[in-house]
Amino acid sequence: MLSDLDILDLLTAEGKGRLIITPLLSPRQIQSASIDLRLGFHFKVVRNSGVAALDPLRSRERLILQTAKYTHDVKLRAGEAFYIHPRDFALGTTLEYVRMPVNIAASLEGRSSFGRLGVTIHSTAGFIDPGFSGRITYEIQNEGTQPIALYPGMRVAQLCFYKLSTEAVDPYDSKYKQQLTTTSSRWYDDPELDYFRRKWPPE
Amino acid sequence: MPADITELTKRAHAILAERLARFELLLDAHAHLLDKNERDLADSIRADLSDTRGELLLRLRNLAGADAEQCFRLFTEELNGIDLQPIHDRLRHLDIPRLLRESTTFLDAGWSHFTASTSLKYPPSLCLAADPEPSRLEYQPTSEDASGRVNVIQLPKLDYGTPLAWPLLFHEIGHVAMSVANILPNENDRQVNWLLEFACDYLALKVGGPAYLLPFLDRAILTPSYLRPTIKHPAARHRVDAMLEQSKRLFGETDTLALATELAQVRTMVAERYEGQIPDELPIVCESCSEATTSISRAEAEQHPKGLNDLYAKLDNLLIVQPLPSSAPTPTTIADSLAQGILGASHRPDHSARAKVEALREAIGCGATADSVKALLKAAKAAVCDEPNDCVAIVTAAWIHYLHESSTRFETLIKLATPEGADLNKAWDSFRNEVGKWDILILASVDTAAFHEQIKGLRATDAQ
Chain A
0 MLSDLDILDL
10 LTAEGKGRLI
20 ITPLLSPRQI
30 QSASIDLRLG
40 FHFKVVRNSG
50 VAALDPLRSR
60 ERLILQTAKY
70 THDVKLRAGE
80 AFYIHPRDFA
90 LGTTLEYVRM
100 PVNIAASLEG
110 RSSFGRLGVT
120 IHSTAGFIDP
130 GFSGRITYEI
140 QNEGTQPIAL
150 YPGMRVAQLC
160 FYKLSTEAVD
170 PYDSKYKQQL
180 TTTSSRWYDD
190 PELDYFRRKW
200 PPE
Chain B
0 MPADITELTK
10 RAHAILAERL
20 ARFELLLDAH
30 AHLLDKNERD
40 LADSIRADLS
50 DTRGELLLRL
60 RNLAGADAEQ
70 CFRLFTEELN
80 GIDLQPIHDR
90 LRHLDIPRLL
100 RESTTFLDAG
110 WSHFTASTSL
120 KYPPSLCLAA
130 DPEPSRLEYQ
140 PTSEDASGRV
150 NVIQLPKLDY
160 GTPLAWPLLF
170 HEIGHVAMSV
180 ANILPNENDR
190 QVNWLLEFAC
200 DYLALKVGGP
210 AYLLPFLDRA
220 ILTPSYLRPT
230 IKHPAARHRV
240 DAMLEQSKRL
250 FGETDTLALA
260 TELAQVRTMV
270 AERYEGQIPD
280 ELPIVCESCS
290 EATTSISRAE
300 AEQHPKGLND
310 LYAKLDNLLI
320 VQPLPSSAPT
330 PTTIADSLAQ
340 GILGASHRPD
350 HSARAKVEAL
360 REAIGCGATA
370 DSVKALLKAA
380 KAAVCDEPND
390 CVAIVTAAWI
400 HYLHESSTRF
410 ETLIKLATPE
420 GADLNKAWDS
430 FRNEVGKWDI
440 LILASVDTAA
450 FHEQIKGLRA
460 TDAQ
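So the protein lines, in turn, are chains A and B. Under numbering that gives the first Met the number 0, the first residue of the first sequence is numbered 0, with each subsequent residue one higher. Under numbering that gives the first Met the number 0, the first residue of the second sequence is numbered 0, with each subsequent residue one higher.
To be clear, the hints were calculated from the coordinates, so they are not data collected in a lab. The C-beta atom is built at its ideal place from N, Cα and C for all residues, glycine as well. Accuracy of the hints is not assured; some may be wrong.
[To be verified] Take a look, some chain A residues computed to stay more than 10 Å from chain B by CB distance:
| # | residue |
| --- | --- |
| 1 | Arg61 |
| 2 | Gly109 |
| 3 | Gly117 |
| 4 | His121 |
| 5 | Tyr171 |
| 6 | Asp172 |
| 7 | Ser184 |
| 8 | Tyr187 |
| 9 | Leu192 |
| 10 | Arg196 |
[Said to hold, decoys possible] The calculated DMTMM-like cross-link candidates involving lysine to aspartate or glutamate, where the alpha carbons are at most 20 Å apart (straight line), are:
| # | chain 1 | residue 1 | chain 2 | residue 2 |
| --- | --- | --- | --- | --- |
| 11 | B | Lys377 | A | Glu191 |
| 12 | A | Lys15 | B | Asp335 |
| 13 | B | Lys377 | A | Asp35 |
| 14 | B | Lys373 | A | Asp8 |
| 15 | B | Lys373 | A | Asp189 |
| 16 | B | Lys455 | A | Asp35 |
| 17 | A | Lys174 | B | Asp438 |
| 18 | B | Lys377 | A | Asp5 |
| 19 | A | Lys74 | B | Asp438 |
| 20 | A | Lys15 | B | Glu357 |
Using the sequences and the accompanying hints, generate a full structural model.
And the structure:
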């Protein structure tokens, strides 16, 4: 795991070995072994009406539309609150654009201050591959009992870095690369679903 | 009507019907997706809508072969005869404030570059065009309310999310700035109107440089206005001439000049293709002025028959256009980031960050005191922090990258601008795709830069 000095080294390295995190607003974001990430201003809020169920064996086109219907967009200005109610689930995004070097992996963690309020920042997808670039999507959930107001620009998460023993031969180049805003699931692009659809065609 | 023109009209009808059907389908899908708040999918439809509009213009232009002007005239007549109101009605139901968010941010950034002896307090407002597509950028007359002057600039509906087209707003901002400075157009005086257009082009060029000139040419060569003047506007080719001349004076031997030189070649080649077909009518700044002419243009026209340069000099005294602050990165630097797909919203102003980190590592290696290590760590952390970029610089950077990436762009422009493009659809698709792929990155950069600007005070608070 990398220390603050290692992280500073990466942030000022030249060429492809450079870790890019932009905009980096304040020195306070650089912690002893992590970088704090802020909340962006674009959210996707889950809504249950209109979609009976998300079934991956439906046709790809139908699945794309259904997945899009599963959330709606909320875009805030500075100073506007995003209220996450108890048991609500929403997608958010980092304010920062991140580009990982090919020899560094990272893990996204919620900040403890929010954890203590019952707000989780990611559900399960906290691993950032070497070579990833784009904004990282938060999976925000309120496990507490009170609605919580979140403001774009707040430090809500932290990114810890790990050096690989060798450079990744095949760095991340998949469906979420270069995402620049809160991005819905693209599970419809998983290649195994094509096989399943052929093997067990939807009725 | 001669037979070939009748045939031409029939073909124009057929193509219009086909394209409008596609246009309507796309609009239906776009409106539906926006109703459902599915912005990402709607945005992809918007790109198709924009392509279809341009394609419509080009296909009709190519129909005429050697008689491009005649074709444009037919196209305009045919288009006016078709009921576009249903399409228009649907577009009017879009969620305008949401759609205009990024473009409004950009407009405000452009406005902030203007200062004048008279107060330019309020930035103009932005609205979507009330006309059916293809609609135009336009400055609308002002009115007064309790808080002062209200100025509205109209943006074509399909351009709300096309950041490479936004620098065209600078021209309209120029109209607003001049109206505040009491330099007003005259409905029936072509000379005054034309002078104002040249003046607004000049102001826009000073704010946006190539980011104004290039989209202007991009659009102009696809429309009849490139060849034909109206009572309100001189022919666009003359406006391009004037801007290229001013580019040399304003920007000197810089990157911008290189771009302008390349553009001059495009312009010349287009002119060669249309040799003998372009009415050789010069801007009438040399004609005598009517009584209604404003003092600035009357004096200009009376004393200097072709005195655009003097008009520009007077504007320099009346309306000051602030250049980007010297601490800001050049558009070329931002263009380098955009070229790598990196968000261009912010920059690191401290170029000694690397040296500061190395000094910290060395101090730790040498067993320096805890206090000195702590001070060096603080300095290194501060050095890696960012400042927001100027929204105008971001879009200018996008243009610079867009033009530098491939020399074939100019060939494509020429192909699109002439009726001999054998594989027009392919050329058009390639051209628009190149532009379109930048939209999302630039939109995100502009939006993030505006947000960063709003909360940049956070850094000072943290330092206390």
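How the hints compare with the structure:
1. Arg61: holds (13 Å)
2. Gly109: Its Cβ never comes within 10 Å of chain B, the nearest being 21 Å, so this holds.
3. Gly117: At roughly 26 Å from the nearest Cβ of chain B, A:Gly117 sits farther out than 10 Å, so the non-interface label holds.
4. His121: holds (21 Å)
5. Tyr171: Consistent with the label, A:Tyr171 stays out of reach of chain B, its closest Cβ about 13 Å off (over 10 Å).
6. Asp172: Given that every Cβ of chain B is farther than 10 Å from that of A:Asp172, nearest at about 12 Å, it holds.
7. Ser184: holds (12 Å)
8. Tyr187: Non-interface label on A:Tyr187 holds, nearest chain B Cβ at 13 Å vs cutoff 10 Å.
9. Leu192: holds (19 Å)
10. Arg196: holds (21 Å)
11. B:Lys377 - A:Glu191: Roughly 49 Å between the alpha carbons, so the hint for B:Lys377 and A:Glu191 is violated.
12. A:Lys15 - B:Asp335: holds (14 Å)
13. B:Lys377 - A:Asp35: holds (16 Å)
14. B:Lys373 - A:Asp8: Status holds; Cα separation ~16 Å.
15. B:Lys373 - A:Asp189: violated (48 Å)
16. B:Lys455 - A:Asp35: holds (16 Å)
17. A:Lys174 - B:Asp438: Distance ~19 Å between A:Lys174 and B:Asp438 Cα, so the pair holds.
18. B:Lys377 - A:Asp5: holds (15 Å)
19. A:Lys74 - B:Asp438: holds (18 Å)
20. A:Lys15 - B:Glu357: holds (19 Å)
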